[in-house]
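> Two chains, two separate frames, one set of hints: put the complex together.
Here is what each chain is made of, one letter per residue.
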Amino acid sequence: MDFMVFQYPMISVQACLDGILLGILFALIAYGMALQWGVMNIINIAQGDLVILGGYIAYFMYLYGIHPAWGVIVAPIIMYFVGVGLYKLVINKVVDRDLFISILATFGISILFMQLMNFAFGADVVLANSGYGTTFLFDSAVVLPNSKIFSAFISILFAICLVIYMKKSKLGRAIRATAQNARAAKILGVDTEKVYAATFGINAALCGVAGALISITFTIHPYMGLPYTIRSFMIVIVAGLGNLPGVALSGMGLGVFEEFADYILGTEFRIGAVFLLLVLILVYRRFKLSRKREYLK
Amino acid sequence: MKITKIILSFVSALAILLSSSVTSFAKVVGDKIILGSAISLTGKYSSNGVHTQNGYNMAVDRINSMGGVKVGGKTYKFEIIYYDDESNPKRAAQLAERLISQDGVQFMLGPYSSGLTKAIAPVTEKYGVPMVEANGASRSLFTKGYKYLFAVLAPANLYLDVAIRTAVELNGGKGVRIAQAFEQDAFSQDVRLGILDAAKETGSEIIIDDKLPKELNDMAATLVKVKQMKPDVLVVSGHTKGALTAIRQIAEMKVDVPMLAMTHCDAAKLSKQHGKNSQYALCASQWHKTLTYKDDFFKDGMTYAADFTNEFGYDPPYQAAESSAALLVFKDAFERANSFDQKKVRDALAATNMQTFYGNIKFAPGGQNVDKPMVLFQVMCDGAGKCENKVVAPLKWASAELIHPVPKWSER
Chain A
1 MDFMVFQYPM ISVQACLDGI LLGILFALIA YGMALQWGVM NIINIAQGDL VILGGYIAYF
61 MYLYGIHPAW GVIVAPIIMY FVGVGLYKLV INKVVDRDLF ISILATFGIS ILFMQLMNFA
121 FGADVVLANS GYGTTFLFDS AVVLPNSKIF SAFISILFAI CLVIYMKKSK LGRAIRATAQ
181 NARAAKILGV DTEKVYAATF GINAALCGVA GALISITFTI HPYMGLPYTI RSFMIVIVAG
241 LGNLPGVALS GMGLGVFEEF ADYILGTEFR IGAVFLLLVL ILVYRRFKLS RKREYLK
Chain B
1001 MKITKIILSF VSALAILLSS SVTSFAKVVG DKIILGSAIS LTGKYSSNGV HTQNGYNMAV
1061 DRINSMGGVK VGGKTYKFEI IYYDDESNPK RAAQLAERLI SQDGVQFMLG PYSSGLTKAI
1121 APVTEKYGVP MVEANGASRS LFTKGYKYLF AVLAPANLYL DVAIRTAVEL NGGKGVRIAQ
1181 AFEQDAFSQD VRLGILDAAK ETGSEIIIDD KLPKELNDMA ATLVKVKQMK PDVLVVSGHT
1241 KGALTAIRQI AEMKVDVPML AMTHCDAAKL SKQHGKNSQY ALCASQWHKT LTYKDDFFKD
1301 GMTYAADFTN EFGYDPPYQA AESSAALLVF KDAFERANSF DQKKVRDALA ATNMQTFYGN
1361 IKFAPGGQNV DKPMVLFQVM CDGAGKCENK VVAPLKWASA ELIHPVPKWS ER
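Protein chains in written order, with the working numbering: chain A, 1 to 297; chain B, 1001 to 1412.
Think of the hints as simulated: they come from the structure by calculation, not from any bench. Mixed in with the good hints there might be a few duds.
[To be verified] To spell it out: a stretch of chain A is covered by chain B in this simulated footprint if at least three of its residues, at any positions, have a beta carbon under 8 Å from a beta carbon of chain B; those stretches are:
id	stretch
1	6-16
2	125-131
3	221-234
4	256-266
Since the model is a prediction, treat every value here as computed from it, not as a measurement. All C-beta atoms in this analysis are idealised placements derived from N, C-alpha and C, irrespective of residue type, glycine included.
Excised from the complex, chain B in its bound form (with noise of 0.2 Å):
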């Protein structure tokens, strides 16, 4: 009896098997390129995991409306199959592994957050599927010598680094004194190594150096400290929470700091909502829809800000923007490649070089996006209380001036 329980289980397992193996087949179908993403549509990243679905949805509605990909000498329109990782790591990587093994995915692109690209990164290297990724910037990513990987964005360690020289330059040249608070995780860290990174540079001090862990909601403590040392930079990172958190209470506490240097301000919709307490804030940024790059698809930035807005109801956060240019770069690669098989495709990536309308677009051998400077906006109110992100560095695109040092909550 248990014999036979023993062949029957044995017997199904490899017939389990053999008909998944039966099922994967290269995905370019007919006139179809399809490509595979795991995203957060629900949970905790879901939020930014729906931007980065709209953006690349967009672009790939785009692109086959302007006349596909063409691989020798035909024409494909590109389609994507989407699986909701729950914003959870584990999920990521198992459904990688199903585009990948079961539905034949061929090509990747990445889904929300490091954390998560972390998660699939080793799994599409494994299989060597080429992944284009557009929101995964934790520097570790490019550090491991992936070989699949490409990031269309610029690396976490140089969110912030551009306000420290900024300060410094402002300074005369001469070092600055830095207080920093940055959230326990992957991404909020990288941004902590490239302000000392920047500091070293530029003779900067770090005078106070806080860690926020990630179910505190409460900074008072590090304020109470700013007040007393008086930085001439207080740098913030600690995504959407952590903006929030410090707005909210450097405006109850009235704390005076020259220079406020942040992350994720778009994401918590610091000018929209919560307008003069983020007056004056400086806001990392991978993409401002005033920046002049410009592609033939959605022309410059301020063109796919309108067609984004009408398509989908919102202004397209810097995430949407990145996602978008995944596809330009795969679209761009293959035609380049002329094929489709997965090792030219990604010699193709490695050795894309182009603009977009999200910034111009070179990948560094680690696969971070080197040819794309982060731009800092501040918050800047009018007399009726409206606020608006103003691009104010690198100079170069900026459409206002700094205003620095910020003004004091006693002469507001």
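Bound conformation, chain A alone (with noise of 0.2 Å):
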């Protein structure tokens, strides 16, 4: 135990704005999650997996010249229709079938994707630079790279389009109403199968853009997706389906969260919090859920 961060209240400061920015990031991702969880009733494990290869293609553009900054917009196009192939090939055959079927399918997808990545990529850790600078915040005493603030710009930028997108244009209804209920929907004239497939090609898609934000931000490896899938579910779990605001502030709330773990306990338990973090959190729900039966007897 490490109380450090307290004695300095600069470094309290960099921890919060750190754990914002990353929380951001994480958002973006667990908000594809909780979109197609909540329409297809699908936890997807190869969510990390989306992410990484998303990475990869920003990383390319950097290694042909481009700056990687527009992986930002290739990325997520490349990615949509990754996600709709993959809906095509396998999810639509385990759609309205029990969750633990979708979780092994995700599963088998998420090792696949894995070694063909190592396979086409190579097994080097990468990293896409950026030439963003710095800022510097509180006379120096606060840093904060450039790439983390365009990140979570870039993340705040599509969340918000994309909320706009559902409210307003025809599909995003439509995914709504899938959403709400599928089979209703189905009798309305919606097609079920289409607005499948464009969820599985939008959560790709956002999976996408927060790859290349990674490959600006940190490092990418074909192995490094899990972590992602992880916090993106815990995320989904406290803020529940179809909550952007609640989704939002989970997220920040567990960068924050996991910043504070490694200062405190160290940063061999920063992972592991997470990990700890996720079963109270299970814990919790399922004890209020007890609770709230007991009322109703």
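Following this line, the structure appears as structure tokens:
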């Protein structure tokens, strides 16, 4: 245990800001997961691998001399089609089945993606240099890399666009209707098959954006997807489905929690703390539900 | 019915057992000495696995074309059977079993990485098969009392030892304040133990001691602490990911520290791809082409590097060089043993005392090479932003003077 973070107030500020910027990025991935979970009732274990694949798209653009920030536009377009293709090949066969089947199927996809990426891109850890500078706050006591600020900004931008799209567009309304009641939507003339494919595509596209941002801010590697899946799963569980402000808030909360866990418990427990929190939340939710049931009695 | 089935399966099992024992024959066939190696051609170690394989192949071609191995008045040539271990320790151990008991291999070359070498060593030990390995540096490999394991490289705990000693020397012999961040894997933790030893001996103090989880690609928290505590030395080891994450975030967060020492800079291609961000970083290396060791086959480091680049199209990382050295050691041991008896070859290996282009090789009773110091190079850039690795320590091999302390970011 180390309480240095509280001894120096500026470190607390730094930890909060780092956590919030990181959390916004997590929230974007989680929003995609919440969307397809809500609409299709599928928990996508391959979420993190889609993120990493998006990261590789930005990385390859960087390798060929294009600024990786353009990856934020290119990666979602490619990933949308990857998502739709994945839906047509695998997901459509598990969409009405038990949740467990979909977890198994996407777990399989996750392994496949890891190995394919390893095969195609090699086992090296890579990153894309954006060349963005650094922002100093409070007399240089707090340092924020501009790449992190850029990531958070782009994530918010995409989230806002998506919300507007869901509210205003025809497909967006169809997606929401399917989420509420797939059978009723079908009877009223919504082509649910198409809606499912589009939803999975949109999810993959969001992962693509997040991946491009991660390759600009951190590093990527074919086997680094799982922590992103876990984090987004947790954010969705806390926030609930179809609750965007909730996803954003719990994303930031998780980011800040991770940073403080890192300072207080030590870096080695950072990922472990996330898992522990997940268990606690699941237990708490169960406890709350059982109390609700008691009222009903 | 059931009984016939049982008998049938029993008979077929027996048949398989017999046929496999029939196929195992000694693997010095005609004029060939057949070595076996499980190596990571796919999976997460595949890049370094390929470097290792290229190093082995280059040495095999060179030794064969320069007269081969002379044993008992007859000339033999090397040949290697490779299997892909998929970067998976369990698979590596299975393949070692297969190489020895099915293919009849009597002499092994090591795989890539400490983890896989650890998986294979018990197998080679069990069968009494001498193994010369070039890519497993973890200290725990050399403390188990293995008799048939020989490593041409310096053990992991010595990787950054030189850096701490240099820092202390530059501090007028007084202890320094060390911040360290190590990944939680066998190799990096061994490097950490080495630092702890060096700190104790030099009276240095460790003020930050972070362990990075394998999945983590963010070390901002560690770096904020470094900014606050202002240590004299920052040490980072976590394979390519650790090196890249550190370089990126140190540059982005403008962390000023008088000395930054790391491992895996070569593998992370720091000087080539991350230029100015990595400037002044000190890197531990088993080998560098400018070292002036010599042998009859590859002449010296510069010639080796040129020949390797000619053949494979890239600069040889130290993983390739040490792998080539492993074959030179085998050749030397076979000729001194003048026999293919595994025990005699093992004893000859244990008595090795030679110089190769890669460095001096002499094994301690544990199997590690004690005659070759680690070198430190520093990433140095010219005005145009072109960066290069230059050896700065130990002084005997230095091709440039160490820049210390590292200039502040605001002054660059």
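> How does the coverage statement for the stretch 125-131 of chain A fare against chain B, requiring three or more residues with Cβ below 8 Å from a Cβ of that chain?
As far as the stretch 125-131 of chain A goes, the hint holds, because 4 residues have Cβ atoms under 8 Å from chain B.
> Using C-beta distances, would you say chain B covers the stretch 221-234 of chain A, given that this needs three or more residues below 8 Å?
holds (count 6)
> Would you check chain B against the stretch 6-16 of chain A, counting CB to CB pairs closer than 8 Å, and say if three or more residues qualify?
holds (count 4)
> Checking C-beta pairs, does the stretch 256-266 of chain A have three or more residues closer than 8 Å to chain B?
holds (count 4)
Going down the numbered hints, you'll see the structure goes against none, and every one checks out.
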